[in-house]
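Student: Sequence:
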Amino acid sequence: MKKILAVSGIIVLFVAGYYLGFKKAVNGDIKRTKIMLGTSVEVIFKKSEESNSGKYFEAAFGEFRRIDELFSAYMKDNPIDRFNNSKGDTVIIEHEIYDLLRHCNEINTLTEGGFDVTIGNVTEAWKFNTQTPEVPKESILKEAMENSGWGNIELVEKNGVIKRKMIKLNFGAIAKGYAVDRAFEIIKSLGAKNFLINAGGEIRSDGGEWEIGIQDPRNQNRLLYELIPTKEFRIATSGDYENFFESAGVRYHHILNPKTGYPATGCRSVTVIAGSVEMADALATGIFIMGWEKGLKLVKTLLNVECLIIDNKGEEHMSQGFKKYIRS
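Numbering of the sequence shown is given in the numbering used here, commencing with residue 12 and proceeding in unit increments.
Rather than coming from a laboratory, the hints here were simulated on the basis of the structure. Everything numeric in this text was worked out from a predicted model, so none of it was measured. Note that the Cβ used here is the ideal one computed from N, Cα and C, for glycine as well. Incorrect hints may have been included.
DMTMM-like mimics (lysine to aspartate or glutamate), calculated; alpha carbons at most 20 Å apart, straight line [as the list claims (entries may be wrong)]:
1) K45 to D88
2) K138 to E123
3) K169 to D110
Now the in silico label distances, taken between C-beta atoms and shown as ranges [what the hints assert, rightly or not]:
4) I239 to E61: 25 to 33 Å
5) K334 to G162: 34 to 42 Å
6) K305 to R229: 19 to 27 Å
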C-alpha cells in the first residue's frame, strides 16, 4: 500500500495538486511557511510591506494556530475532541464553533448532503490522518455511517447541539478556508495592502499583483489555465490527488461521499471562486461529491460563485462566469 500526500510548495509556479498556485515574483517577496491545519500554510508579502512584515506574520500564524486548536478533530481535549467524545444528549459548544456549524448546515442543504462535517466517524474509519490509511471493514464502516449525518444532530439555542448518536465532527473540508479568511482580515486590519495567504490550495490575495495558475490534476507539468490578476482572489480547490493511498491496485482518496462512506467517484478536481475562501472551500468539496452536472446547476443559482470542474474522465466543465477570470 502506498500513501501519497500532496504538500504545497513554492517553485517558479507554486503547485498543490490540481493545484492552485501562484507565480512567485522575482522582486524580493517576503515569505514564511508553516505546517498547520494538516497542510502547508504560506503567507507572502510584496517588498513594499517589509517594514511591518514581522507583525503581519505573527498575527497571521497566530490566528491559524488559534483556529487549529479550536477546530482540529485530532487534538486531545480541545473543544471538538470534547464534543466528539461527549455522551450527553445536549452539548454546549463555543459560540464560534456553533456559528460555523450553522453555516455548515446551510451548505449541506445547498449541496444536497455532499458537504457534511458530521462524518467524523467515517473519516476516522479510513484513517486518513495517519501514515497507514486503510479500507475499513464493512462492519466498521457500517457502524461509522450509522453514527453520522445531520439527521442525528440538532442545533438549539444558547450554542447547544443535541446529539442523538455518537456523532463526531470533522471540519477538515472548511477549516482551512475559514482560517484563511480570518487571518486575511486580521492582516488587512493591521494595514497590509499587498499580500497572499495560501493554505494547501485555499488562497486569498490582496493587491492585484498575484497571478494564480491551475494545473492538470494528473500532470503537474501541464498548466491548464492562468487566471487574470484581480484586486482580490478568494479561491479554493478540492482534488482526489491531495491525500490518497493505493491498495490492491485500487486508488482511494480522502474526499468521502457521506451517502456511501466511500471516496466520491465523479470528479478529479473542483476549483471554486466565491465571496469568501470559507465558502469556496466548502463548495469545492460539496460539488466534488455532487458531481459535475449537479455542481454546475448549483453554481448557476449562487451569487458571486464560479467553478471549474474536471470530471473523472479528465473533461472540463466550467461555469459561464469562470471564463472571465481566464487569461487568453
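Student: It remains to establish, for every hint, whether it holds in the given structure.
Tutor: Outcome of the hint check:
no.: 1; hint: K45 to D88; verdict: violated, 23 Å
no.: 2; hint: K138 to E123; verdict: violated, 25 Å
no.: 3; hint: K169 to D110; verdict: holds, 11 Å
no.: 4; hint: I239 to E61: 25 to 33 Å; verdict: holds, 27 Å
no.: 5; hint: K334 to G162: 34 to 42 Å; verdict: holds, 39 Å
no.: 6; hint: K305 to R229: 19 to 27 Å; verdict: holds, 23 Å
Hint compliance for this structure: hints 1, 2 are not met, and every other hint is.
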